[in-house]
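> Position chains B and C relative to chain A; hints supplied.
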Amino acid sequence: MTVHGENKDIIIIPSEVVALGEQLKVFTLPSPSNNSSKGRVELFQVSNNLVYQIKNHSFSKGSKINNNDDMANDVYHYTRDNETLKSVILTNEQDRSEAYLRENGSFKFALKYDIVYNLIGFYYSESITESEKEYSNQVSSQSGKEQGKNDRFLTLRDYHDLLVDSNDSQWANISLEVLKIALEKISNTVEEAEDIYYKIDDNKILEFLAKIVSKIASNLPKSIPPLLPNSAPEDIQNSMKIVLATNILISLVPKKAYLELIKFKGTDNTISIDTEVKKFNDYLESNELSIEEKKLLMQAAISVGMNNDSSSDGKDKNKTIKKPIVPKKPRVAVGRGAIDGFFKKK
Amino acid sequence: MVSLPPTVLTSLGTLHTKTYYSEIPEVIKNGVSSSPVILGVDEAGRGPVMGPMVYGISYCTKEYQDTVLIPKYAFDDSKKLTDNIRRNLFSKMYDQNGDGTGEIEIDGVGYATTAITPVDISSGMLRYPPSQNYNLNEQAHDVTMNLIQGLVEKGVTIDHVYVDTVGPPVSYQKKLETRFPNIKFTVAKKADSLYCVVSVASVVAKVTRDIILEQMKSNENEILGSGYPSDPKTTAWLAKNQKQLFAWPQSLVRFSWQTCQTLIKEDKHKIGMVPIEWEEDYINSKKNMSKQWTKPKTDNKKKVITLDNWFL
Amino acid sequence: MNSIDLSSSNSAKEYLGHLVPCKIRYNGPSDEFTDNFNMDNEEMEVLNNDVADESKQVYVNYIRGRKIIGQDVLPIFGEGSKAFLTENVISSDATMEEEFDNTESINAKPIATLNKLINYERDGNESRLSSELQKFQEYIELNDIIHNN
Numbered sequence: 001m002t003v004h005g006e007n008k009d010i011i012i013i014p015s016e017v018v019a020l021g022e023q024l025k026v027f028t029l030p031s032p033s034n035n036s037s038k039g040r041v042e043l044f045q046v047s048n049n050l051v052y053q054i055k056n057h058s059f060s061k062g063s064k065i066n067n068n069d070d071m072a073n074d075v076y077h078y079t080r081d082n083e084t085l086k087s088v089i090l091t092n093e094q095d096r097s098e099a100y101l102r103e104n105g106s107f108k109f110a111l112k113y114d115i116v117y118n119l120i121g122f123y124y125s126e127s128i129t130e131s132e133k134e135y136s137n138q139v140s141s142q143s144g145k146e147q148g149k150n151d152r153f154l155t156l157r158d159y160h161d162l163l164v165d166s167n168d169s170q171w172a173n174i175s176l177e178v179l180k181i182a183l184e185k186i187s188n189t190v191e192e193a194e195d196i197y198y199k200i201d202d203n204k205i206l207e208f209l210a211k212i213v214s215k216i217a218s219n220l221p222k223s224i225p226p227l228l229p230n231s232a233p234e235d236i237q238n239s240m241k242i243v244l245a246t247n248i249l250i251s252l253v254p255k256k257a258y259l260e261l262i263k264f265k266g267t268d269n270t271i272s273i274d275t276e277v278k279k280f281n282d283y284l285e286s287n288e289l290s291i292e293e294k295k296l297l298m299q300a301a302i303s304v305g306m307n308n309d310s311s312s313d314g315k316d317k318n319k320t321i322k323k324p325i326v327p328k329k330p331r332v333a334v335g336r337g338a339i340d341g342f343f344k345k346k
Numbered sequence: 001m002v003s004l005p006p007t008v009l010t011s012l013g014t015l016h017t018k019t020y021y022s023e024i025p026e027v028i029k030n031g032v033s034s035s036p037v038i039l040g041v042d043e044a045g046r047g048p049v050m051g052p053m054v055y056g057i058s059y060c061t062k063e064y065q066d067t068v069l070i071p072k073y074a075f076d077d078s079k080k081l082t083d084n085i086r087r088n089l090f091s092k093m094y095d096q097n098g099d100g101t102g103e104i105e106i107d108g109v110g111y112a113t114t115a116i117t118p119v120d121i122s123s124g125m126l127r128y129p130p131s132q133n134y135n136l137n138e139q140a141h142d143v144t145m146n147l148i149q150g151l152v153e154k155g156v157t158i159d160h161v162y163v164d165t166v167g168p169p170v171s172y173q174k175k176l177e178t179r180f181p182n183i184k185f186t187v188a189k190k191a192d193s194l195y196c197v198v199s200v201a202s203v204v205a206k207v208t209r210d211i212i213l214e215q216m217k218s219n220e221n222e223i224l225g226s227g228y229p230s231d232p233k234t235t236a237w238l239a240k241n242q243k244q245l246f247a248w249p250q251s252l253v254r255f256s257w258q259t260c261q262t263l264i265k266e267d268k269h270k271i272g273m274v275p276i277e278w279e280e281d282y283i284n285s286k287k288n289m290s291k292q293w294t295k296p297k298t299d300n301k302k303k304v305i306t307l308d309n310w311f312l
Numbered sequence: 001m002n003s004i005d006l007s008s009s010n011s012a013k014e015y016l017g018h019l020v021p022c023k024i025r026y027n028g029p030s031d032e033f034t035d036n037f038n039m040d041n042e043e044m045e046v047l048n049n050d051v052a053d054e055s056k057q058v059y060v061n062y063i064r065g066r067k068i069i070g071q072d073v074l075p076i077f078g079e080g081s082k083a084f085l086t087e088n089v090i091s092s093d094a095t096m097e098e099e100f101d102n103t104e105s106i107n108a109k110p111i112a113t114l115n116k117l118i119n120y121e122r123d124g125n126e127s128r129l130s131s132e133l134q135k136f137q138e139y140i141e142l143n144d145i146i147h148n149n
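Residue numbers (the numbering used here), protein chains in the order written: chain A, 1 to 346; chain B, 1 to 312; chain C, 1 to 149.
By construction, these hints were calculated from the structure, which means they are not laboratory data.
Keep in mind that a hint or two might mislead.
To be verified - Mimicking BS3-like on lysine-lysine, the simulated pairs with C-alpha atoms at most 27 Å apart in a straight line are: (1) A/K133 to B/K287; (2) A/K61 to C/K135; (3) A/K211 to A/K222; (4) A/K61 to B/K287; (5) A/K215 to A/K265; (6) C/K135 to A/K222; (7) C/K13 to A/K55; (8) A/K55 to C/K56; (9) A/K112 to C/K109.
Model, not experiment: these values are computed from the prediction.
Okay, chain A solo, but in the shape it has when bound (with noise of 0.2 Å):
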């Protein structure tokens, strides 16, 4: 066997997952974002019915949203063919004879990963995007009725089923333990003779997104830079927090959940996002920022609640629509050829 440094590759595995000792399947999903810029998430599921996405991550590498700033002040640098200037060295400590270099400076890990998000995505499948930044903009463009919204209650396998073959055929590989898992999160279900029937609920998603929210606002990442000074009230942080927090979640949902997600008023186990934004709206407006100061926070914060009624485009359309069809398509051999031709080229 050749032995060359480009074929190799180094992968950290999570505790657990070494301890199972297994061979890991990895397969790939869209991205639950349904944003087209992003490639499929590249998956894998263990015994225990966890999964993780295998993640690839190099150094010497800036922010992409600072990109242009770093470039332009000679924070960061990269190669001609727009490469980190990073590479691995790879050195065999019991004997230094064995070595090798990689032009490749990145490496892989994997994490866990709820594909209860891919089910999100897949309920607002119609609402794609080419940017994130198209989130900042309120319109939502696409008809409000989407192909993952069904208003039948499903058996676990039928959904299942149906998720193979009308948002990808490789959720074949995710296990009907682990959609259970992912659909009793965001889902209502019924009892009928021993089965159990699901349907994706909006409020549910955003009942369980919201609690997200909350848990992100207070573990915020201290690099991300506040949008308030120190001496903006309590409460008023913790709003900010919020709207940051939620931001966040802009590369994992489709665009359509974020909107709604920037307007739930909460239930009794969550927080009202829409209270929390109004409130830090209403303090920028108040207060004694510059108006220059102000226009870019609210821009910052995407001006939610701003205009309200700047979806009732897709509200319109939504009520003449047709009650959807579970879609029952066979598996297409065009689709595999592209899945055939996504592993080939990897």
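Using the frame of chain A, we list chains B and C on its own:
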């Protein structure tokens, strides 16, 4: 056989800059003499592409210089002395008989050296970003001032310091006077042939560097040459020993020298050097410059931070 | 990658992974490491003198005269996690499920364990090293909040 000088022993087996201070001569330590203490500073091995750059200081009372060193010994600019004479003169300062008994003939002179290693020279000069570079002059000045400071801390009252310099003397003299307001300074080119105490320092530095370089040979028959890039023996060694990835042993070679950079970059000896690109190669690159033209005027705060655009 | 085989995880060999701050235009083995690229223990002792947390200690090395300063990335992933050096084995047999029939499958086989994965930046640019590692840790923690419910 004469034993290795203590200034050399301190610097063997390390990648890093080391300093050695001799015992302070009795006559100075006890303040027996009323004659003021003078100190000379000189350097050896600034230009070579190989081996350490050594800073040497030597000090004695003015009286000892005038009554013992000048009349009895042939100290001069180290370059004017033969290797044997230099080594012999230095040996009289640390171990006259080479028997380790510690009997010292020139017992009125104290000395110290700092050997700045190729690793420290190169890594100082090749920091990133380039604004962080620690150039050779700064390294030299800092080492000199630290040597003097070390002696002051040991309780030696220095009256006058004579410094041989290759750079502009005036600004350097000013720098020294500011740092040590209680000491007189004379900074001059060719000070090593003008002031005996500087000649002693130059011998100490030169012998220390030469022996350290000798000790770095991988075998006795290896020919390194003087270490100067102009020395054909040195260039022959560089050509013969260049490796595709790491080029040369870092303990020996100053990678920051243009000679090395060119040999690596141009692969003059056609050994198939592995190309390595560094971030400084891309400073002010077209790609970066183009972003300056298109730099948006909007404030950072306007940007919406998401998981992917912030963390990936 | 179609699969990662941890079942026959024959990874007794212990490697170190170094993410170095330059682009080395070469892929493949090298025999120059027997007497090169050894950690500068002397300098590390000085720099780690007041670093109490072992996972935060810094590593010092050199490439062509450039000093590089690094920190291990693995502690961020928590105890028990393991970094593997894998080699991609391409096979055209049909051991995978039928839908991958007739296609080449890539199986990543561990050939060694990486005891450390050290990310380096240049001497003088240490602030980038710490800020990127900090941010990476934040990312891992954030992922845990988002995907661990």
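> Now tell me if each hint is right for this structure.
Taking the hints in turn, this is what the structure says about them:
no., hint, in the structure
1, A/K133 to B/K287, "holds (23 Å)"
2, A/K61 to C/K135, "holds (11 Å)"
3, A/K211 to A/K222, "holds (20 Å)"
4, A/K61 to B/K287, "holds (15 Å)"
5, A/K215 to A/K265, "holds (17 Å)"
6, C/K135 to A/K222, "holds (8 Å)"
7, C/K13 to A/K55, "holds (24 Å)"
8, A/K55 to C/K56, "holds (24 Å)"
9, A/K112 to C/K109, "holds (21 Å)"
Taken one by one, the earlier hints all hold for this structure without exception.
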